[in-house]
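Colleague: First to last, the sequence lines map onto chains H and A.
Numbering-wise, my numbering puts 69 at position 69 of the first sequence, and it's gapless, one number per residue.
Numbering-wise, my numbering puts 21 at position 21 of the second sequence, and it's gapless, one number per residue.
Accuracy of the hints is not assured; some may be wrong.
[What the hints assert, rightly or not] What follows is a list of derived Cβ distance ranges for each label pair:
id	chain 1	residue 1	chain 2	residue 2	range
1	H	LYS136	A	SER58	39 to 47 Å
2	A	LYS141	H	VAL213	41 to 49 Å
3	H	ASP140	A	GLY14	31 to 39 Å
4	H	ASN70	A	LYS141	39 to 47 Å
5	H	ASN70	A	LYS92	44 to 52 Å
6	H	LEU83	A	LYS117	58 to 66 Å
Think of the hints as simulated: they come from the structure by calculation, not from any bench.
Here a beta-carbon is modelled for each residue, glycine too, at the ideal position from N, C-alpha and C.
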Amino acid sequence: MSNLEIELQALKENLLEMMGLVSKQVSLCKEATFSGNLALAEDVIVNEKRINNLELTIDKDCENILALHNPVATDLRFVLAVLKITNDLERIGDNAKNIAVFLTKSGKKLDKAYLDKFSIEKMYEASIAMLSCLGKALKDDDAELARKTFKDDEILNKKNKSGPKTAAALIEADPKQAKLIVRLLAVVNKLERIGDLAINIAEEVVFHVEAKVLKHNKDKS
Amino acid sequence: MKHIEAIDVNAYYGDNHVLKGINIAIKENTVTAFIGPSGCGKSTFLRTLNRMNDYIESFRLEGKIFVEGNDIYKKKVNVEELRQKIGMVFQKPNPFPKSIFENVAYGLRIHGEKDKKKIEEIVEQSLVKAALWNEVKDQLKKSAFGLSGGQQQRLCIARTLAVEPSIILMDEPASALDPISTAKIEELINELKQHYTIIIVTHNMQQASRVSDRTAFFYMGELIEFGKTAEIFTNPTKKQTENYISGRFG
């Protein structure tokens, strides 16, 4: 195995670790949201630092590989993809942390009826499924698997789109809960944003494996 | 415009089949890099383009090579004239044991040029084009051996330019030079391509990607892939090319 291959393998391991941590963050948010166990939300806030540190480590590794090994072709595309993926993962981590902060501030178990009105459980499930799929796609360099996430993103977009209408109806019915409802709408937005960032990652996997640029392209095939 | 075209070229050293069905068309005023592991045929193919292999007794060539539309292996071709049109720069700088001036003037003199003033003009122009004039203009009568390796290589390029070629073949021109001299040669290649068609054989992948417009990858006597350099180095179509440029074999 060449030095470059050893470096690339180590880079991939770090990336998969970061992917795993970020996925876990979103799963913990889901659990905290529905169980009311705020200790889990606290964990999400603490873990975020590890994600940030991993991002810095991976960025530095990419910089070293580019400067010292001059990768080309697939290797070059992988390093370029990793640089973008870590950025997207870090932002997913930020969104998870913001949800966790909201949960800790709310200080109590959220009303399940409200969560159901916004389809928050479905949105969590879709985003967790996307991240899980992308973890496998990254591990196996599987562009087809990455493409499968595009469908889940449609679910998130749809729920996000109907969010304001749902919020308006709920506020009208119970104006005293307006603050909570607006914050839940913000959670919906964050989950939708997680979906968008996951799509960016999927596009980078396709770029790495197939050298196809899907960004800003409506045709994702 | 196609400047050089090889059609179904096969070459042999005795029984050894060293070039296998090479087809390639090289455009005017471009830099083409030939890459590939040692023994892949890239230097042999380069030398077929100005018939340098004619000196090797066991060498035999089949197929056609056209330069500016003329078949260069036709019987009546004047090989000396061909080599005037297609200059060559070698791996190791090889100045003659003469002054800097005489090194550049040599080709003109053997081609019959006697006008002293004209020779002086061409020597200066060639040294300017080879980006060496400013460094040697006050020491033209000194021995070429007093120059550094990088300067000697640029002197050899000036010597090639003096006889007004349209094509310059370079066989690893910077492999014996330090990074600064290498950068100067690469800069020079970039400037020269405005007026000349350049083909460079190199083992240095970064050099190929820095200087060339197109890259041809040779392996075991075959031309595996030929395309735009940016594409070859980001998304080669053949697995063998990818393995070679990423250092996985060769």
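Colleague: Which of the listed hints are not met by the structure?
Modeller: Of the numbered hints, 1, 2, 3 and 5 do not hold.
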